[in-house]
Amino acid sequence: MPLIKNGSIVDDRFVRVLDDAPVPDDFAVLVPAARLLADASEILTRTGATGVLWPNDRNVAELAPYLDRVALVTLAFPNFRDGRAYSQARILRERYHFRGELRATGQVLRDQFLFLYRAGFDAFEVSKAADAPAFIKAMATYSVFYQPTGDGRPTAAARRLAGTSVKSHHETAGTAR
Amino acid sequence: MYVYDAFDRALLAQRVEDFRDQVARRISGELTEEEFKPLRLMNGVYLQLHAYMLRIAIPYGSLSSDQLRTLALVTRRYDRNYGHFTTRQNLQLNWIKLSDLPDLMADLATAKLHGMQTSGNCVRNVTTDQWAGVAPDEIEDPRIWAEILRQHSTMHPEFTFLPRKFKIALTAATHDRAAIRVHDIGLRMHRNGAGETGFEVVVGGGLGRSPFIGKTIKPFLHKRDLLTYVEAILRVYNQYGRRDNIYKARIKILVHELGAEKFASEVEAEWQSIKDGALAIDDAFVADIRARFRYPTYEVLADDPAELKKAQAASPRFATWHKNSVAPHRVPGYAIVTLSLKPEGAPPGDATSEQMDAIADLADRYSFSEIRVGHEQNLVLPHVAQRDLPALWEQLDRIGVATPNVSLVSDIIACPGLDYCSLANTRSIPVAQELTRRFKNLDTQREIGRLHINISGCINACGHHHVGHIGILGVEKNGQEFFQITLGGRADEKAELGALLGPAVPYEEVADVVEDVVAAYIELRERPNEIFLDTVKRVGVEPFKERVYATH
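Chains as they are written, first to last, in this note's numbering: chain A, 1 to 177; chain B, 1001 to 1552.
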């Protein structure tokens, strides 16, 4: 499954380590949440980067104490309709100010990209290879946002009060038949 | 009316193109039906028994005449010359082709209409009092806050994939015409001891398989905190609402399982961490939204003008309609007029393309180009000069929307039922039609007085049967249509769930049973103006049960 970062398909530098396997010192590894919490002092003092596979039914507050030493958090979408990880992502970014990689995994389709990005994800493990090239286009589908989120895009309300205008091509897009 | 600005228009245009692309990918096979389903639901498109159904959002039930004309146009161009107004103040088209949908959406967008938030597990179209802004008993116009909530919930990146659908209703009046206590969140605007206006926040109300009246978790919320508090509720629900069982996924089950106090404390903890963030509402933001609401420039008029008195004296039919369908307006000399979409023998809430066009023209002439949709599935002209009432009535009568049965026994709420819906167990519309024939005599209806019958064709309760004064629920028993009858439900400020009358009765007997219940009420009431609901409250269901089951 292709991994998208900064709009391009990239190689995944993290190696998944199963529950009880030894963790190599100088590799970037991705470990399950339970393993990280159990062996935090050992895992997080290695020279290699650490990523954690965080399930969508576990409170991210448990992860908060370690976030400054974690390079990657993956959050799961078991299916398109299960939106718990959107809340987890915003809490990680906006409450705990996590600055590392936040990766969406599971059933990740192009029609979610913009929602995911706005919630704070910056890496996307896409389910369908054909969706990867559509990333840039999907990100440009909308130019107006009503809610303030951690992505920092100005809201419609902020732009109204600041007197900025909408780009003219957006106004006519879609009315031409 | 809220007038869309360039930002609102741009978003809508982009949404049309986005959906056009999704439909193209479905038609080309790039998207499977399973993948397409949540995307079409995000645009109000369902797959029903016979065809695709499109539910068009009418935010807080407010329509301009141009919007109503556009609805008429799309029903004519893409459907079968009629639409169905729903209990959520929306409009449903029942016979849509998938390939027509992108063009249909583009036509709707020309009038700032769309299908967003009318289905799927998102925050649904926010509803309010159909008399908002004109009711004499309200403390301020709740549509400002409904619009603020509409914008906040439109394509919300965190709350578009909730455990289940999420409905918010609000009222600013003493009398609750928006049924806020049977919504996921109900907001009641009121004044606190210091004279400030804010919101009582009610959560976890709802009907369906497990009906609950909502619980108050915040007696008074300041206006600045509305969005942060709603966001806190949604965030708690999004993370902890059940996703293992579709029938237990609504917020009412979470509130019930945790208990209202524990739920409130979870929300409070979440809220404390976001209440002073970017979502806190300041005065400039509210002023900006308020500035885009256009209000009529009323004339200075007196109540009860000569034209009105003359018509009342000259025409008993007009006088009867006036007494039934016209309500007081907060501005002297004006009136609120309800248009009954419940004529004898017709499906409740249906309007033809011709009726929609004609009503749009009448709104231009008599109601500052504005129309409202009420959750009782009737339409409203909210600003009619009283002197114009006789002329308006003649024209409403001509197009069949002046049946003087508002709030009477034939003003029935009904879901589409098995005639259209793939979830239904039984028919619902034919039951309503038969009841309107049984009670066709308007003198009898007035003699009976205020009585709301609500009919649902399955446990999902789209017809709000639990809160009907008489509730009728269709259930399937060994392949046969049976109906459970409840008495004493209500959806207003004293919201209550109806009590079961007794064993379910077969389709053929429903109308007989309802007639018996009504006859029993006439015998049991203490005086002619004790309404049905009060009699049930006073005597309970037992005397009704004895009477009904003795004869069946």
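Be careful, since some hints might not be right.
Think about it this way: if two alpha-carbon atoms lie no more than 25 Å apart in a straight line, the pair counts; the simulated BS3-like pairs of lysine-lysine are [said to hold, decoys possible]:
#1 B:Lys1323 <-> B:Lys1167
#2 B:Lys1223 <-> B:Lys1167
#3 B:Lys1477 <-> B:Lys1494
#4 A:Lys128 <-> B:Lys1167
#5 B:Lys1215 <-> B:Lys1262
#6 B:Lys1037 <-> A:Lys137
If you want a taste of the chain B side facing chain A, the calculated C-beta under 10 Å gives, among others [to be verified]:
#7 Asp1021
#8 Glu1035
#9 His1152
#10 Val1541
#11 Glu1542
Since the hints were derived computationally from the structure, they do not count as laboratory data.
Bear in mind that the values here come from a model prediction, so they are computed numbers and not experimental data.
Built from N, CA and C at the ideal position, the CB exists for glycine as well.
What hint numbers does the structure not satisfy?
-> The structure conflicts with hints 1, 3, 4, 10, 11, although it agrees with all the remaining ones.
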